[in-house]
Amino acid sequence: MQSQSQSQMTDTNSTSANYPRLNDYQPEGFYDEVVCADSVARPDSVALVDLLNRLPAGELIRRQRAIERSLYQMGITFTVYSDAEGTEKIMPFDIIPRIISASVWSDVELGLKQRIRALNRFLDDVYNDRQIINEGLIPANIVDSCPQYLPQCVGLKPPAGVWCHITGTDLVRDNEGSVFVLEDNLRCPSGVSYVLQNRAVMKKNFPRAFADSSVRPVNDYPARLYQMLRRMAPNDMLNPTVVVLTPGVYNSAYYEHSFLAHQMGVELVEGRDLLVENDHVFMLTTDGRQQVDVIYRRVDDTFLDPEVFNKKSVLGVPGLMRAYRAGNVALANAPGTGVADDKVVYAFVPEMIRYYLGEEPILNNVPTYLCQRDDDRKYVLEHLDELVVKAAGESGGYGILIGPHATNEQRAEFAEKIRENPRNYVAQPTLQLSRVPTMTGESLEGRHVDLRPYILCEGPDDVWVLPGGLTRVALKKGSLVVNSSQGGGSKDTWVVASPGQIVARP
Amino acid sequence: MLSRVAESVYWMSRQIERAENLARFLEVTLHLILDQPENLVDPWEPLVRVTGDEEWFKEKYGAPNQENVVNFLAFDEEYPNSMLTCLRAARENARGVREKLSSEAFEQINEFYLFVHEASRNESLDRTSKFFDEIRQQTLLWSGVLESTMAQDSAWHFANVGRMLERADKTSRILDVKYFNLLPSVEHVGTAIDDMQWSALLLAISGFEAYRRDYHEIDIPNVVGFFLFNRTFPRSVHRCVASAGWSLGEIDQASCNQSSSKSSEKVDALKHRLAHTQVEEVLAGGMHEFVDLLQRELNDIGNTLAEDYFQAPISA
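Residue numbers (full-length UniProt numbering), protein chains in the order written: chain A, 1 to 506; chain B, 1 to 316.
No wet-lab data here; the hints were simulated from the structure.
Note that CB positions come from ideal geometry on N, CA and C, so glycine has one too.
Some clues are possibly wrong.
Among the chain B residues that face chain A by a calculated CB cut under 8 Å, a handful are [as the list claims (entries may be wrong)]:
no., residue
1, A105
2, F106
3, N110
4, E111
5, T149
6, D153
7, C256
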C-alpha cells in the first residue's frame with residue numbers, strides 16, 4: 001500500500017449565530033458541503049440557504065421542472081443506445097448547486113496542477129527511456145500488462161512533451177471533507193459541456209443567489225481550449241485549421257463534441273471527412289481538400305488509425321499516425337495516455353510526483369490495494385465486505401463491487417474473479433462521500449457527490465484548471481455510484497472567488 | 001465547408017420543407033371537404049397519388065379515406081416520406097451538423113419534431129385544423145429562424161437550395177394533382193365548384209391573397225401562370241428556381257474555384273426556360289407533360305448537386 005500524504009483541507013467550521021439554518025434538512029451525520037452538522041449554512045452558502053428558506057413551497061420543484069424542460073428543448077441529451085428509436089434523455093440535473101470554498105479550491109487547484117505535471121512526465125518517460133521502471137519504482141509488468149499501454153506509441157515525442165492536454169480528474173471528499181483523487185481520466189474525458197450548460201441555466205434561475213455568492217466564471221473554457229489547440233499547431237503556424245474529431249451522432253457524448261466545436265467555431269469532423277496524403281491530413285470540403293493542422297480527437301486511441309491500431313475501425317483515419325509522427329498534425333490528447341489512468345498505475349502516482357518533481361503530493365490518493373500483490377490480495381479477500389473493488393479495465397461505473405452494499409453472492413463472484421485475474425483488480429476502503437442537498441420529490445435530502453474538474457495543459461509546467469467542474473450526484477438514496485449510465489445526475493459547481501479573483505456575472 | 005456537412009444541411013432543409021408541404025396538402029384538403037357538397041369528389045385519393053407511392057399505400061391501408069390518409073402522410077413511422085419520418089430525418093441531419101446551425105435553428109427543429117412526435121402518440125388529438133394551424137406556425141417559425149439567426153454563409157445557401165428545390169417540386173405537384181384528378185367532370189369547369197377548388201390550391205401555397213390582388217378572378221391560365229411563372233410570389237416554381245440559382249451562385253463565389261458548377265448552370269438554364277415560356281404553350285402542350293418534365297429536371301439538378309459538392313472531390 002502506498003503511504004499517504006496528510007494534507008489538511010477542511011473548511012473553517014464557523015457556526016456563527018448569524019448564519020441561517022436550512023429548514024427541514026438533516027445532514028444525517030455525513031459531511032455536507034452546503035451546511036454544517038447542525039444544518040447551519042457554511043459561510044459560502046449563506047446566500048443560497050437564505051434563498052432556499054425564502055422560496056414559497058413548491059417554487060423549487062417548479063424551477064427544477066422548468067430547467068429540465070429547457071434542457072430537453074435545447075437538445076442537451078445523451079443517446080440511449082438500446083432504444084431503436086434513438087431516444088435521447090437529458091442528463092438528470094439537480095437544481096441545488098454545490099459550493100466549494102476558495103481555500104479548499106486553492107489546494108485542489110495546486111494539487112491538480114502538480115499531478116498533471118507529473119503524469120505528463122511519466123507518459124513521456126514510460127514510452128521512451130522508462131527510467132522510473134529501470135529505477136525500480138514501478139514494476140515493468142504493471143505497465144506492460146496494462147491494456148491501455150500501446151506499444152505502437154513507443155518512441156513518440158509529442159511536441160512540448162505534453163501528452164494529456166485535456167484531463168478530467170475525478171475527486172471526492174470524505175466524511176471529514178478531505179479531498180481525494182479517485183481517478184485520473186487522461187483519454188477523452190467528457191462532461192465539460194454539462195458544466196457550461198448547467199451554469200447557464202442556473203444563472204437564469206437563481207440570479208440573486210448567484211450574484212451574492214461571488215462565484216468564479218467557467219464560461220471562458222471554450223476560448224481557453226481553442227487557444228491551447230491553436231498554439232499546438234506544427235511550425236508555429238499563425239492560422240492553423242483546428243478541428244474536433246467525433247465518432248459521430250451515435251456516440252453518447254456527441255452533443256458535447258458538437259457543442260465544443262460550435263463554441264470554438266471550428267469544424268466538427270468524422271473520420272470519413274478526413275484523409276491522409278503524403279503524411280498530411282486533409283478534410284473533404286465542397287471546395288476541395290483543406291489541410292488540417294490540429295485535431296482535438298474524441299475518438300478512442302485504438303480507433304484512431306486502422307493502419308496502426310484496430311484494423312477494423314471505420315471511425316478513424318488511415319495514415320493519421322504517420323502524419324502525427326511526421327509532425328504534420330497535432331493531436332490532443334496524444335495516443336497512449338490511457339496507461340497513466342489505469343486503476344493499478346493510479347496507485348503509483350504519488351511516487352511519480354516524488355520522482356519526477358521532487359515534491360510531496362498535495363492531493364491524496366485513496367489508499368489502494370493491488371490484488372496482484374500477495375499480501376494485498378489476502379487482505380482484500382478477507383475484507384470484501386468493507387472495500388470497494390474495481391476492475392482495472394472498466395469505466396463508467398461498471399465492474400465495481402461496493403462491498404458494504406453487496407450481497408454475499410456478489411462478493412463471492414468478485415472473490416473468484418480476483419483469484420482468476422489478480423492484475424485486473426484493485427480495492428480501496430469505502431469512503432463516506434460528502435453530500436449536498438438534492439431535490440427528492442418535493443423536499444431536500446442529502447445525496448453523495450463527486451467532482452470532475454477539467455484541466456488544460458499547454459506545456460510541461462503550463463497547466464490551467466477550470467474553476468469548477470462537473471459535480472455528479474448519486475440520485476438514489478445512499479448510493480455511491482454517480483455515473484450517468486447508473487442513475488447519476490449533475491449539479492452546477494460554484495467555486496467561490498478569493499479577494500481579487502474574477503467573479504462571474506449573473 | 002465539409003462535403004458531409006453541406007449534404008446534411010441540404011437534406012435537413014429539404015426534409016423540413018417536405019414535411020411542411022405535406023401539412024399544406026392535408027390542411028387544404030380538410031378545408032375543401034368542409035366547403036364542398038357531399039360526395040361530389042373524393043379528395044383523398046389524389047393526395048395519395050401525388051406522393052407517387054400509391055402501391056405502398058394500398059398494400060397497407062386499402063382504400064383511401066380521411067383517417068388513413070392523414071395517418072399515412074402525417075404520422076406513419078414506416079412510410080419514409082411521412083411528416084414524422086421527414087422531421088425525424090431532418091433532426092438527425094441537424095444533429096450531425098448542429099455546430100453549423102444557430103442554437104435557435106436547432107431548437108426549432110427539435111421542437112417541431114417533438115411536437116409532431118407527441119401528436120402521433122396522442123390518440124385523442126383533434127387531427128384537424130387546430131393541429132395543422134400549429135404546424136403552420138412551426139414552419140413559419142423555422143423560416144424566420146433561418147432568415148434571422150443564421151449568417152448567410154455557404155451552409156445557409158445549401159439549406160436554401162434544398163428548401164427551394166423541394167418547394168418547386170411540391171408546388172408543381174399540387175398543380176398536377178388538381179389538373180388531372182380533382183376535376184369531377186368536364187361540365188364542372190368554370191363553375192363555382194371549380195372556382196372553389198382552384199382557390200383551395202392557391203390556399204395550399206398560401207397564394208390566394210396574392211393571386212387575388214393580381215387577377216381578382218379565378219381563371220385557369222392565370223392560376224397556372226401564377227403557380228409556374230410568377231416572379232414575386234415565394235412559392236411559385238420560377239421564384240424557387242431563381243432563389244436556388246442565386247444560392248448556388250453565392251456558393252460558387254465563396255469557393256476558390258473560378259468557374260461555376262454544373263448544377264449552377266443547369267439551374268440557370270431552367271430559370272431561363274421558365275422565364276421565356278408562355279402559359280398558353282403549357283396548356284397547349286399538356287400541363288401534365290410540362291410538370292413531368294419539370295420534375296425530372298429538378299431531380300437531375302439534385303443529382304448534379306451531389307456530384308458537384310457532396311461526393312469527395314478527387315483533387316484539390
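Verification of the hints:
no.: 1; hint: A105; verdict: violated (11 Å)
no.: 2; hint: F106; verdict: holds (6 Å)
no.: 3; hint: N110; verdict: holds (5 Å)
no.: 4; hint: E111; verdict: holds (6 Å)
no.: 5; hint: T149; verdict: violated (13 Å)
no.: 6; hint: D153; verdict: violated (12 Å)
no.: 7; hint: C256; verdict: holds (6 Å)
Checked against the numbered hints above, the structure violates hints 1, 5, 6; every other hint is satisfied.
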